[in-house]
Amino acid sequence: MISPPFNTDIGVEQGSALSAILSALYISPIFHIFEKRIKNLHILVSFLSFVDDGLIISQEKTLEKTNAFLFYSYSIILSFLKQYSLIIKYRKSDVFHFSRSFGLFNPSLLDLTFIRGPILCPKETWKYLGFIFDKKLSFLQHISFYSNKALSTIKSMKILGNSTRELLSLQK
101 MISPPFNTDI
111 GVEQGSALSA
121 ILSALYISPI
131 FHIFEKRIKN
141 LHILVSFLSF
151 VDDGLIISQE
161 KTLEKTNAFL
171 FYSYSIILSF
181 LKQYSLIIKY
191 RKSDVFHFSR
201 SFGLFNPSLL
211 DLTFIRGPIL
221 CPKETWKYLG
231 FIFDKKLSFL
241 QHISFYSNKA
251 LSTIKSMKIL
261 GNSTRELLSL
271 QK
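According to this note's numbering, the sequence shown holds residues 101 to 272 in order.
If you're looking for bench data, these hints aren't it; they were derived computationally from the structure.
The reader is advised that the hints may include incorrect statements.
As the list claims (entries may be wrong) - What follows is a list of derived Cβ distance ranges for each label pair:
id, residue 1, residue 2, range
1, I102, L148, 29 to 35 Å
2, E164, R216, 19 to 25 Å
3, L148, I243, 37 to 43 Å
4, L118, S244, 45 to 51 Å
5, K223, A250, 32 to 38 Å
6, M101, I232, 46 to 52 Å
Backbone N, C-alpha and C define an ideal beta-carbon position, used for all residues, glycine too.
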């Protein structure tokens, strides 16, 4: 039995514990339908979702095939989300290509203008769940970022140690 529609003017803030639960309940069926659709169309992509962040992964030998699969899957998820009055924030959309090739690697753009989307330029590095990835998965960017962060923390501890109340060695 379904209740008649009614207006609601009360929302749940993004930081609320209930926000993630409601988001998952609302979005999960859409993602389930999306995964079935791409499987039926033989579009070889994987889809991961973390609350309201989605990740579409394509693993192919050519960039043309990868971009085609990404384009079709992006188009499908966009149409599903529009049906439920949800939007994709294009400024948060990124494309990233990994490569095992030696030598120059210049991936092509992902043009989504045909579906009223942006042209996505491949990024040089990708930060995801606290890790920084580069195209070769060498983790050089990750190590450089976090070692610089550690060094700046140590330098700031010296400054704190010279303040008026001074920190004890144990506190540093």
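Against the structure, the hints:
The hinted range of 29 to 35 Å is satisfied by I102 and L148, whose Cβ atoms lie roughly 32 Å apart. Between E164 and R216 the beta carbon distance is about 22 Å. The supplied range of 19 to 25 Å therefore holds. Distance hint check: the CB atoms of L148 and I243 are about 25 Å apart, inconsistent with the given range 37 to 43 Å. At about 39 Å, the CB distance of L118 to S244 disagrees with the hint of 45 to 51 Å.
Against the hinted window of 32 to 38 Å, the Cβ-Cβ separation of K223 and A250 comes to about 25 Å, which falls outside the hint. Under the hint 46 to 52 Å, the C-beta atoms of M101 and I232, about 51 Å apart, fit the expected range.
Violated hints for the displayed structure, listed by number in ascending order: 3, 4, 5.
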